[in-house]
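Peer 1: Please model the complete structure; the sequences and the hints are all you need to start from.
Each residue of the sequence shown is one higher than the one before, counting from 2 in my numbering.
Calculated from the structure, these hints are not laboratory results. Glycine included, each C-beta is placed from N, C-alpha and C at the ideal position. Please note that a few of the clues may not be correct.
Straight-line distance between alpha carbons at most 25 angstroms, and here's what the computed DSS-like set of lysine-lysine pairs gives [claimed, not checked]:
1. Lys99 to Lys61
2. Lys58 to Lys99
3. Lys136 to Lys99
4. Lys142 to Lys58
5. Lys142 to Lys99
6. Lys61 to Lys181
Label pairs and their computed distance ranges (CB to CB) [said to hold, decoys possible]:
7. Glu177 to Glu68: 16 to 24 angstroms
8. Leu151 to Ser12: 24 to 32 angstroms
9. Asn118 to His168: 32 to 40 angstroms
10. Asn118 to Glu165: 16 to 24 angstroms
11. Leu60 to Ser150: 16 to 24 angstroms
12. Gly164 to Arg128: 47 to 55 angstroms
13. Ser12 to Lys136: 17 to 25 angstroms
14. Gly164 to Tyr141: 34 to 42 angstroms
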Amino acid sequence: NGMDSNLLMRSLARAVYKDENVRQILFLDEESIDDDLVNKFKATSPDLTTGHLYVLKLLKPNEQLREFTDLHKIGFTTSDINARIRNCENDIAFLESKVIPVLSFECQNMNPQVFENLIHTFLNGQRLNLTLISKDGNAYKPQEWFDVSLDVIEQVANLIMSGEISHYRMNNTTGELVRK
2 NGMDSNLLMR SLARAVYKDE NVRQILFLDE ESIDDDLVNK FKATSPDLTT
52 GHLYVLKLLK PNEQLREFTD LHKIGFTTSD INARIRNCEN DIAFLESKVI
102 PVLSFECQNM NPQVFENLIH TFLNGQRLNL TLISKDGNAY KPQEWFDVSL
152 DVIEQVANLI MSGEISHYRM NNTTGELVRK
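Peer 2: As structure tokens, then:
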């Protein structure tokens, strides 16, 4: 996806390019390639699932949060989403409220934390900016909650995955995705 670099492969490639005795095998047409040779170099392992990016919605927002019509938490987990939200009523990450998953992306061959960070950065102007008091009386600022529609979150995630996000920006007044 262009977000990570395989340092070992780059190091090998650099060494190969420097070696004067390196030989390359060139095929002029695809028919001359032996099927056994092709099968040896085909990727045999399936895509590696590295985690899940999830979007959650509050079931019953408290009085302070009712004014936010499109309040969503964007997070990631390397385990099961339901396991992650199991104790949500006692966790300030979930605003100590019951939540439900409304959207998720399976991250394959990529770092889900980097994916989450890219979405958070792009939607920064829509981030919930207030201080809440937890059940134990401590003040906290929610970091992963955004007042943005689910459609916009899905569009941003898909544009990041396709590499086209640089052609868009957020209109922080309307909360809409706008082409540059």
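Peer 1: Confirm or reject each hint.
Peer 2: Structure-based check of each hint:
Between Lys99 and Lys61 the alpha-carbon distance is near 7 angstroms, which keeps this suggested pair within the 25 angstroms criterion. Under the criterion of a C-alpha separation no larger than 25 angstroms, the hint pairing Lys58 with Lys99 is consistent with the structure, at around 9 angstroms. Of the pairs offered as hints, the one joining Lys136 and Lys99 holds, with about 14 angstroms between alpha carbons and a cut-off of 25 angstroms not exceeded. Taking the CA atoms of Lys142 and Lys58, the gap is about 17 angstroms. The hint holds against a cut of 25 angstroms.
The suggested pairing of Lys142 with Lys99 holds, with an alpha-carbon distance near 18 angstroms, which does not exceed 25 angstroms. A C-alpha spacing of about 37 angstroms is found between Lys61 and Lys181, which places the hinted pair above 25 angstroms, so the restraint is violated. At about 19 angstroms, the CB distance of Glu177 to Glu68 agrees with the hint of 16 to 24 angstroms. In this structure the hint that Leu151 and Ser12 lie 24 to 32 angstroms apart at CB is violated, the actual value being about 43 angstroms.
As the Cβ distance of Asn118 to His168 is approximately 20 angstroms, the hint placing it in 32 to 40 angstroms is violated. A hinted range of 16 to 24 angstroms for the beta carbons of Asn118 and Glu165 is consistent with their spacing of about 18 angstroms. About 18 angstroms separates the C-beta atoms of Leu60 and Ser150, a value consistent with the hinted range of 16 to 24 angstroms. Against the hinted window of 47 to 55 angstroms, the Cβ-Cβ separation of Gly164 and Arg128 comes to about 24 angstroms, which falls outside the hint.
Between Ser12 and Lys136 the CB atoms are about 52 angstroms apart, so this pair departs from the stated range of 17 to 25 angstroms. In this structure the hint that Gly164 and Tyr141 lie 34 to 42 angstroms apart at CB holds, the actual value being about 35 angstroms.
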